[in-house]
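Engineer: Read off the chains here:
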Amino acid sequence: MNNIPKKDSVRWVIALMPEANPIIRALSLIKIAGNLPFPIYSDEGREHWLIVSGLGQINVAAATSLLFEKSRADKTSVWINVGIAGSKTFNIGELVFIDKVTSNTSGKSLYPYSIPNLKIENRSELVTVNNPEREFGSEGVYDMEGFSFFKVTSKLSSNELILILKIVSDGPGSDLSKIDKNKISKLVEKKIPTLLQILPTVASLSENLRNQILLPKNFEDICKVRKFTFSQRVTLKKLLHQWHARKPSKNLLKNISVLKTSSKIIKFMEEELNRG
Amino acid sequence: MIETIYIEKEIEDSPKTIQILRKFKNARKISIDRYGEIFNKKNQNFRVQKIKPNLILAKKHKGFVLPTPEGFGIGDQKNFYFSHMYNCLYDCSYCFLQGMYSSANYLIFVNFEDFKKEIKEIMERNFGQSISFFSGYDCDSVAMESVTNFIDDFIPIFKDHENALIELRTKSAQTRIFEKLEPISNCVIAYSLMPEETALKLDKKAPSISLRIAAMKKLSVMGWKIGLRFDPLIYSENWRIKYQNLFKEIYSDIKEESIHSVSLGSLRFPKAYFNKIFGYHREEEVFSHMDIKSENVVSYDKALENEMNTFCKNELLKYCNEKKVFNCYS
Chain A
0 MNNIPKKDSV RWVIALMPEA NPIIRALSLI KIAGNLPFPI YSDEGREHWL
50 IVSGLGQINV AAATSLLFEK SRADKTSVWI NVGIAGSKTF NIGELVFIDK
100 VTSNTSGKSL YPYSIPNLKI ENRSELVTVN NPEREFGSEG VYDMEGFSFF
150 KVTSKLSSNE LILILKIVSD GPGSDLSKID KNKISKLVEK KIPTLLQILP
200 TVASLSENLR NQILLPKNFE DICKVRKFTF SQRVTLKKLL HQWHARKPSK
250 NLLKNISVLK TSSKIIKFME EELNRG
Chain B
0 MIETIYIEKE IEDSPKTIQI LRKFKNARKI SIDRYGEIFN KKNQNFRVQK
50 IKPNLILAKK HKGFVLPTPE GFGIGDQKNF YFSHMYNCLY DCSYCFLQGM
100 YSSANYLIFV NFEDFKKEIK EIMERNFGQS ISFFSGYDCD SVAMESVTNF
150 IDDFIPIFKD HENALIELRT KSAQTRIFEK LEPISNCVIA YSLMPEETAL
200 KLDKKAPSIS LRIAAMKKLS VMGWKIGLRF DPLIYSENWR IKYQNLFKEI
250 YSDIKEESIH SVSLGSLRFP KAYFNKIFGY HREEEVFSHM DIKSENVVSY
300 DKALENEMNT FCKNELLKYC NEKKVFNCYS
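Going down the list, the protein sequences come from chains A and B.
Mapping to numbering that gives the first Met the number 0: the first sequence position 239 is 238, numbers consecutive.
Mapping to numbering that gives the first Met the number 0: the second sequence position 318 is 317, numbers consecutive.
Excised from the complex, chain A in its bound form (with noise of 0.2 Å):
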């Protein structure tokens, strides 16, 4: 079974369907059909996943998990949670990312991953809450969801992958019935251009930890067409390792291919290697 992962492997975990719909049309996701407690969409090629959990802690646990089991995400897959937020920091409708999130029940802090040179000028601690904020004791920002999220996607994934974007909505005196579908889905539309601009940045670094679980060269190649006991899959990743980095330029595949049977295929690797 081939498990290596697809590229561009991202997750998007979203609170409320206004927020989540510019990023569907942006990414042009479809309806994933069948019976589920949290709708999720995805693309044809499968590359992007896209749950809306509804608001609060244990809705974005719940949907989070699902969407995990239902997209057969991995260790490589990047995790996005975006969202309106509430600050008395930063302006409505500036993007933010989050490196610091503190549950305000527990107290406890989680940090994601600084993620160098993205290209979102703002960063800032966000605080979970389990109500809409009105008072904004802190600086930063503040949500319902973060926590949560973070918290269940880090046993997931690759903490360098987990993504927390805030956009905010409101601050101080803001009036919450004011806040409706259409102002929300046009505060997240305004950012996609900066969303899907940060896509090739968390990509490469998915990238980068593919390449660390990536079968060698031509492993499957050679499985295909001789048959190999499981000590002997152990040994010829061994020797197809060696020969990667020893002998990169001889043809591999064009000598092995009058062998018969595993354990010549075997020999010859052992002999060529140790011939140096």
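A couple of the hints might just be wrong.
What the hints assert, rightly or not - Calculated lysine-lysine pairs in the BS3-like style (CA-CA distance at most 27 Å, straight line): (1) A/74 to B/254; (2) B/270 to A/246; (3) A/154 to B/51; (4) B/40 to A/154.
Unchecked claim - Short derived list, chain A residues pointing at chain B, Cβ under 10 Å: (5) 98; (6) 110; (7) 115; (8) 118; (9) 124; (10) 155; (11) 156; (12) 203; (13) 208; (14) 247; (15) 248; (16) 252; (17) 272.
Bear in mind the hints are in silico, worked out from the structure with no lab data behind them.
C-beta: ideal position from N, C-alpha, C; glycine also.
Fit chain B to the supplied structure of chain A, relying on the hints for placement.
Structural biologist: Structure of chain B alone, referenced to chain A:
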């Protein structure tokens, strides 16, 4: 340039923290409780973080100075090591730190006073005995000097304790700090070395061997004692000729009397470290010659290991006294 600095709340106001932060005025500063919240956590990746490491300023609470593993030393009766910093500016393919940590961020323990206090206590407890303190095993002792002022801070305590020796292990070609100080006979500036061609492939982001030799030459002329560290010895095609040429070049530039000690050791890793490092550098030739030697150690074939050690030692003995040559055991 460092983009983000994490600072433990407990040391936010320490003079060393303030001194370091002054050098990174534009960095984003994030307050943390303990460095363990961000350093070496599960599900972090060393190679990804190595693309652009951040800086962590923290306080070390215990284990400031530790005894070295058995078989490690350069002639003194007792041997200790200490690490005021974890991780390194350079990116050497075989660096064991990649196997040890899942984080590549630079971690500096700013409570230098606690390290110095423990060093002095060990000096006093061992009065009359010769002792060595090794620095630079979890970091490069010199490379981050412009940030840490480590050497400036630590050399004075050795000036007053001649029975104790400090080794500063490095690949840096920086000599400025030593130019400012008066040389002392019980400080060894120990350079990690390998043939230039091999270093060009493996010692990424580190100064070339010729720059390291030039730095050694400059410091030796100033009166500093130099250590030559061929640990690890790296196998490659024509390794004998390459090492012969390297030794010849070093000893033609530096007088033998300036050299305090020479040490040799073969490339070896604990198995768990090797597996991680190999995962990061699968097509690196240096690892393709290594194999599991015992339950926990990965190294070259025993015969090759012995051959390299013996050959290099014999070559070195053409230039220096046997008393100065030490083997680092696997």
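Engineer: Taking the hints in turn, state whether each one holds.
Structural biologist: Structure-based check of each hint:
no.: 1; hint: A/74 to B/254; verdict: 54 Å, violated
no.: 2; hint: B/270 to A/246; verdict: 25 Å, holds
no.: 3; hint: A/154 to B/51; verdict: 23 Å, holds
no.: 4; hint: B/40 to A/154; verdict: 11 Å, holds
no.: 5; hint: 98; verdict: 6 Å, holds
no.: 6; hint: 110; verdict: 5 Å, holds
no.: 7; hint: 115; verdict: 4 Å, holds
no.: 8; hint: 118; verdict: 13 Å, violated
no.: 9; hint: 124; verdict: 8 Å, holds
no.: 10; hint: 155; verdict: 8 Å, holds
no.: 11; hint: 156; verdict: 7 Å, holds
no.: 12; hint: 203; verdict: 9 Å, holds
no.: 13; hint: 208; verdict: 6 Å, holds
no.: 14; hint: 247; verdict: 8 Å, holds
no.: 15; hint: 248; verdict: 13 Å, violated
no.: 16; hint: 252; verdict: 17 Å, violated
no.: 17; hint: 272; verdict: 8 Å, holds
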